[in-house]
Amino acid sequence: MPALPSFVPYLIHTLFPPWVRRPTEIGAEVMMVAGGAFIVYWLLKYKKLQWLWNEWLTTVDHKKIGIMYLVAAIIMLARGGLDALMLRTNLALPTAHFIGASEYNEVFTTHGTIMVFFMGMPLIFALFNVVVPLQIGSRDVAFPRLNAISFWLFAFAAALFNLSFVVGGSPNAGWTAYPPLTELAFNHTVGENYYFISLLMTGIGTTITGINFLVTILRMRAPGMTLMKMPLFTWATLNTSALILFAFPPFTIALLESLLDRLAATSFFTLSHGGMPMMYVNLFWLFGHPEVYILVLPAFGVFSEVVATFSRKKLFGYPSMVLSMTAIMVLAYGTWVHHFFTMGAGPAVNVFFGLSTMLIAIPTGVKVFNWILTMWGGRVQFTTPMLYFLAMIPTFVIGGATGVMLGAVPADYQFHNSYFVIAHFHEVLIGGTVFGLLAGVYYWWPKMFGYKLNDRQGKWAFWLFAGGFWPTFIPQYWLGLEGMTRRMYTYPLGMGWHTLNVISTIGGFIMGAGFLVLAANVLYSRRHQEKDLTGDAWDGRTLEWSIPSPAPEYNFAVIPTVDERDWWWQEKERRRQGEKPVVVKPEEIRPIAIPKNTPVPILLGAAFFMGAFGLVFSWWDIALAGLVAVFSILIYSWFQYDHYRILSAGEVRESEELLGRLGA
Amino acid sequence: MRTWAKRVALALGLVAVMAGCGGPHAVVLNPAGPVGRIELNLMDVAAVAMAAVILFVLVLATLAVVRFRDRKGNKAPYTPNVEGHKVLEVLWFIIPALILTIIGIPTVQDTYALAKVPAKHPLVIDVTSLDWKWLFEYPGQKVATVNQLVMPAGQPVLFKITSDAPMNTFWIPQLGGMEYAMPGRVLPLWLESYKPGAYWGHSGQFSGREFEKMFFSVKAVTPTAFSAWAANLRKTAPAMTVADYHRLLQFTTVGHLSYSSYPAFTFPSVTHGFTLKGGMYLLMHNNPVHD
Chain A
315 MPALPSFVPY LIHTLFPPWV RRPTEIGAEV MMVAGGAFIV YWLLKYKKLQ WLWNEWLTTV
375 DHKKIGIMYL VAAIIMLARG GLDALMLRTN LALPTAHFIG ASEYNEVFTT HGTIMVFFMG
435 MPLIFALFNV VVPLQIGSRD VAFPRLNAIS FWLFAFAAAL FNLSFVVGGS PNAGWTAYPP
495 LTELAFNHTV GENYYFISLL MTGIGTTITG INFLVTILRM RAPGMTLMKM PLFTWATLNT
555 SALILFAFPP FTIALLESLL DRLAATSFFT LSHGGMPMMY VNLFWLFGHP EVYILVLPAF
615 GVFSEVVATF SRKKLFGYPS MVLSMTAIMV LAYGTWVHHF FTMGAGPAVN VFFGLSTMLI
675 AIPTGVKVFN WILTMWGGRV QFTTPMLYFL AMIPTFVIGG ATGVMLGAVP ADYQFHNSYF
735 VIAHFHEVLI GGTVFGLLAG VYYWWPKMFG YKLNDRQGKW AFWLFAGGFW PTFIPQYWLG
795 LEGMTRRMYT YPLGMGWHTL NVISTIGGFI MGAGFLVLAA NVLYSRRHQE KDLTGDAWDG
855 RTLEWSIPSP APEYNFAVIP TVDERDWWWQ EKERRRQGEK PVVVKPEEIR PIAIPKNTPV
915 PILLGAAFFM GAFGLVFSWW DIALAGLVAV FSILIYSWFQ YDHYRILSAG EVRESEELLG
975 RLGA
Chain B
11 MRTWAKRVAL ALGLVAVMAG CGGPHAVVLN PAGPVGRIEL NLMDVAAVAM AAVILFVLVL
71 ATLAVVRFRD RKGNKAPYTP NVEGHKVLEV LWFIIPALIL TIIGIPTVQD TYALAKVPAK
131 HPLVIDVTSL DWKWLFEYPG QKVATVNQLV MPAGQPVLFK ITSDAPMNTF WIPQLGGMEY
191 AMPGRVLPLW LESYKPGAYW GHSGQFSGRE FEKMFFSVKA VTPTAFSAWA ANLRKTAPAM
251 TVADYHRLLQ FTTVGHLSYS SYPAFTFPSV THGFTLKGGM YLLMHNNPVH D
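Protein chains in written order, with this note's numbering: chain A, 315 to 978; chain B, 11 to 301.
Quick caveat, the hints were computed from the structure, so don't treat them as lab data.
Be a bit skeptical, because a hint or two may be false.
[Claimed, not checked] Below, in silico cross-link-like pairs of lysine to aspartate or glutamate (EDC-like), each with a Cα-Cα straight-line distance of 20 Å or less:
1. A:K845 <-> A:E867
2. B:K82 <-> A:D853
3. A:K773 <-> A:E844
4. A:K886 <-> B:E93
5. A:K910 <-> A:D956
6. A:K377 <-> A:E867
7. A:K894 <-> A:D956
8. A:K894 <-> A:D853
9. A:K894 <-> A:E878
10. A:K377 <-> A:D850
11. A:K543 <-> B:E93
12. B:K223 <-> A:E417
13. A:K886 <-> A:D846
14. A:K845 <-> A:E971
15. A:K773 <-> B:D80
[Unchecked claim] The following residues of chain A were derived to be distant from chain B, with all beta-carbon distances above 10 Å:
16. G341
17. A351
18. E369
19. R393
20. M400
21. M689
22. P724
23. Q728
24. I824
25. L837
26. P874
27. E901
28. A943
29. D956
30. Y958
All values derive from a computational prediction rather than experimental measurement.
From the three backbone atoms N, C-alpha and C, an ideal C-beta is built for every residue, glycine too.
Working from the sequences, and respecting the hints, build out all of it.
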């Protein structure tokens with residue numbers, strides 16, 4: 315028998331070291347291979363490959379990109395949620411060893427990283443993409459191709475990050491990845507390479523998305539829609555994009571320098587040679603604090619739309635809503651040191667950042683009061699999105715209030731890195747962001763797919779998810795006061811921590827059940843829900859509800875003049891009073907230029923993936939090949955001039971006629 | 011209105027009771043020293059002020075939902091075109107600002123108060139976090155211990171904290187808040203135990219595989235007992251050699267250790283970092299172990 319080539323054992327040893335050969339990893343591998351095989355089989359059996367390539371993989375249509383973001387986010391929510399349940403299972407009882415220390419450390423790292431970067435971010439981008447162009451009366455985003463590139467960079471980065479679980483080993487230094495724990499001397503597996511490289515990759519995509527939506531909102535609004543007539547979700551997107559633009563550069567630097575410390579033996583943050591780990595902490599939170607507002611502002615936008623629609627009333631205090639949101643955007647840059655009051659910056663610095671942290675509670679409070687007053691004098695309908703809004707009020711207010719307590723510097727010395735903090739940020743991130751985004755998903759689902767998600771099942775999912783939330787996180791405040799610090803994989807007997815941990819774990823599993831019902835809700839509704847033919851499933855207020863669901867690829871046959879807030883609501887009001895409806899007049903229809911599909915974004919993502927994979931294992935030839943591939947694709951795309959296809963006026967007329975929208 | 015007031019009073023009372031005594035395990039709520047006491051008092055102020063806000067918001071929201079729910083025959087006024095209310099909107103800005111002032115003023119006072127050690131020549135203990143153990147060196151007594159801290163009660167003790175490994179935080183919850191142990195920096199923290207007693211400490215910053223083992227025991231004893239303990243250690247315990255220190259640097263966990271002396275280089279003499287008065291050393295000390 316001929317001997318195996320010498321590189322084979324090396325490859326096996328490098329790609330599949332002992333720490334990815336534990337039962338959970340092998341289980342995940344089997345599931346991934348089986349799932350992949352099933353998808354390929356399905357595509358081949360139903361001859362869907364062509365359809366997949368033409369309709370989805372090469373699309374630049376913002377609506378389809380939004381749906382792809384949504385699918386990716388839901389898959390990542392499942393992964394991050396499974397991680398969370400593994401953590402909670404391990405913590406249920408003292409000295410339990412459901413998973414060992416090493417695996418626990420990997421799982422809490424991937425849980426945090428995935429939930430922030432690969433679940434939260436794509437979910438907000440899903441809503442940006444689906445909603446914003448429709449809300450401002452635009453045919454697409456400003457740079458459709460860049461938009462697709464953003465998505466594919468994110469998708470391949472997410473794939474790379476998840477691959478770490480089964481190939482080479484996961485990162486294990488927490489989602490904050492503080493050095494020197496991440497440097498080679500203390501962390502010799504490739505896990506942290508995966509972390510830095512995949513976040514750099516998705517960071518490029520995120521930055522581009524920020525720029526894209528800034529330009530889209532500032533330049534492509536329908537005639538008449540001045541800034542102060544924009545819907546609140548569009549305002550949220552504008553502010554979020556501004557935050558992204560300035561928050562990601564310091565993060566990029568922090569990631570890049572950490573990566574260089576590992577791959578190129580530099581000493582930016584290392585323990586030896588005068589590296590300064592604290593500089594990383596500064597750079598990280600200079601990004602990290604705006605990041606939490608990047609995640610929560612879109613949810614604020616959703617709530618503002620949802621509460622007005624389902625109270626059947628104008629939003630209370632529109633100007634103060636805009637003012638407070640913009641104030642949050644500005645203040646978000648001035649609070650980052652509150653993540654490390656206990657790093658000895660001195661009383662003057664700590665006091666400044668403590669007070670600035672409290673200051674940001676003011677505009678946030680304004681928003682909550684305005685939402686409540688929007689319901690006052692309205693007619694509150696208990697739809698699923700509205701339930702998420704109502705559940706947000708207590709969770710977010712308590713989470714925000716404990717945030718103020720954390721801002722009281724000396725008190726924070728006791729709270730820092732304890733379970734009190736864990737409870738606080740889960741309460742604002744789940745109670746604020748996740749509730750908000752789920753409300754948004756339920757609210758705009760008919761706009762994306764042409765039917766509502768089943769409301770009964772939606773409410774079941776809601777009660778399990780929001781009901782499980784309280785027993786999960788409220789006990790954690792108390793655990794913090796009992797001195798339990800974060801990221802312990804187990805704890806000794808006799809600390810008195812077990813009762814509350816058991817409650818918290820049970821709550822976590824109830825939330826998991828809620829997610830399963832949500833998934834079932836999606837699958838069921840796809841087959842059984844009635845089509846919404848009106849395009850206005852909720853009797854909405856803003857522009858996106860004035861066109862069919864799902865929107866035709868050109869969105870608006872004729873772009874309306876929007877000279878008031880809640881234009882669609884007012885338009886319907888005028889119709890009720892017998893004024894002639896504004897319908898599409900056939901003679902006003904002009905040919906429409908539609909951006910063409912292109913394989914460049916997905917190929918670029920794949921090329922980045924190849925280069926990144928090479929970098930992770932320091933296989934320089936593969937990394938170089940990836941770099942060459944990236945540049946080749948970019949150069950190829952420079953010589954592509956023909957970006958648009960023209961939809962003739964006749965075709966648009968025909969399509970509008972089929973949708974029953976042509977006026978006489 | 012009277013039931014409202016009662017509810018508010020009841021809830022505030024509950025919070026106060028919870029914050030005041032807590033369960034036997036709620037170490038943060040049972041401070042055994044002045045630092046923890048000051049920090050707890052600030053928590054109480056913040057908790058009560060915030061509980062008032064939470065209660066107000068929840069009552070307002072419940073009223074809105076119940077009164078204006080979409081039911082047939084709901085007689086509550088329906089005013090779909092109300093856009094806002096100037097006075098109320100301004101009030102939303104002013105009231106939270108006032109409440110935050112209530113928390114902000116003691117925050118500033120306490121931050122500055124805790125930044126100064128209330129003693130001219132406090133007892134100093136040098137703390138170094140290692141993978142995965144705590145090294146305590148007593149420069150006045152010339153002795154060193156691992157994973158067990160002994161300190162005199164009834165007087166402020168100044169901890170100088172650094173790390174010769176990834177970051178940790180030095181935290182004895184019953185005595186007061188934590189401070190980071192970072193390589194290349196020495197950060198100050200003072201704590202005091204009112205009376206002799208036994209406590210536990212732990213790290214709050216994740217530092218790798220055996221992070222969970224970063225517990226250490228704390229014993230506060232009378233000053234005379236403290237001197238006697240150190241004198242006894244100097245006589246009975248072995249001296250820490252350079253090789254011993256290198257062994258401590260390895261990725262291991264150990265139980266309690268004691269040394270009668272220790273090499274001077276194991277704790278940085280001058281380094282980056284702020285002093286308790288807010289000044290800053292600028293020179294950088296090079297640790298021979300790493301260069």
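Hint by hint, here is what the structure shows:
Proximity of K845 of chain A to E867 of chain A is assessed by CA-CA distance (about 18 Å); at most 20 Å being required, the pair is judged to hold. For the hint linking K82 of chain B to D853 of chain A, the alpha-carbon distance of about 18 Å falls within 20 Å, and the restraint holds. Between K773 of chain A and E844 of chain A the CA atoms are separated by roughly 18 Å; this keeps the pair inside 20 Å, and the hint holds. For the hint linking K886 of chain A to E93 of chain B, the alpha-carbon distance of about 18 Å falls within 20 Å, and the restraint holds.
Of the pairs offered as hints, the one joining K910 of chain A and D956 of chain A holds, with about 8 Å between alpha carbons and a cut-off of 20 Å not exceeded. Between the alpha carbons of K377 of chain A and E867 of chain A the distance comes to roughly 8 Å, so the proposed pair stays at or under 20 Å and holds. For the hint pairing K894 of chain A with D956 of chain A, the CA-to-CA distance comes to about 41 Å; that exceeds 20 Å, so the pair is violated. Straight-line distance between C-alpha atoms of K894 of chain A and D853 of chain A comes to about 19 Å, which keeps the hinted pair within the 20 Å bound.
Simply put, K894 of chain A and E878 of chain A have alpha-carbon atoms about 18 Å apart, close enough for the 20 Å limit, and the pair holds. Among the hinted pairs, K377 of chain A with D850 of chain A is consistent with the structure: their alpha-carbon atoms are about 17 Å apart, no more than 20 Å. Note on K543 of chain A and E93 of chain B: the hinted pairing holds, with a Cα-Cα distance of about 13 Å set against a maximum of 20 Å. Among the hinted pairs, K223 of chain B with E417 of chain A is consistent with the structure: their alpha-carbon atoms are about 16 Å apart, no more than 20 Å.
Between the alpha carbons of K886 of chain A and D846 of chain A the distance comes to roughly 18 Å, so the proposed pair stays at or under 20 Å and holds. Simply put, K845 of chain A and E971 of chain A have alpha-carbon atoms about 18 Å apart, close enough for the 20 Å limit, and the pair holds. At roughly 17 Å between alpha-carbon atoms, K773 of chain A and D80 of chain B fall within 20 Å of each other, so this suggested pair holds. Against chain B, the non-interface label of G341 of chain A holds: every CB pair exceeds 10 Å, the least being about 23 Å.
A cut-off of 10 Å between C-beta atoms confirms that A351 of chain A is not in contact with chain B; the least separation is 36 Å. Every CB of chain B lies more than 10 Å from the CB of E369 of chain A, the least distance being 40 Å, so the non-interface label holds. Every beta carbon of chain B lies more than 10 Å from that of R393 of chain A, the smallest distance being close to 21 Å; the non-interface claim holds. The non-interface label for M400 of chain A is consistent with chain B: the shortest C-beta to C-beta separation is roughly 16 Å, beyond 10 Å.
Non-interface call for M689 of chain A relative to chain B: violated, since the shortest CB-CB distance, roughly 4 Å, does not exceed 10 Å. With a least CB separation of 4 Å from chain B, P724 of chain A falls inside the 10 Å interface cut-off, contrary to its annotation. Some Cβ of chain B comes within 10 Å of the Cβ of Q728 of chain A; the nearest lies about 4 Å off, and the non-interface call is violated. Every beta carbon of chain B lies more than 10 Å from that of I824 of chain A, the smallest distance being close to 22 Å; the non-interface claim holds.
Every Cβ of chain B is farther than 10 Å from the Cβ of L837 of chain A; the closest lies at roughly 30 Å, confirming the non-interface assignment. The claim that P874 of chain A is not at the interface with chain B holds, since no C-beta of that chain comes within 10 Å of its own (minimum 21 Å). At roughly 35 Å from the closest C-beta of chain B, the C-beta of E901 of chain A stays outside 10 Å, upholding its exclusion from the interface. For A943 of chain A, the condition that its CB be more than 10 Å from all CB atoms of chain B holds, with the nearest at approximately 37 Å.
Its beta-carbon lying about 48 Å from the closest one in chain B, D956 of chain A satisfies the requirement of being farther than 10 Å from that chain. Residue placement check: Y958 of chain A keeps its beta carbon more than 10 Å from all beta carbons of chain B (closest about 41 Å).
In summary, the structure is inconsistent with hints 7, 21, 22, 23 from the numbered list given earlier, while agreeing with the others.
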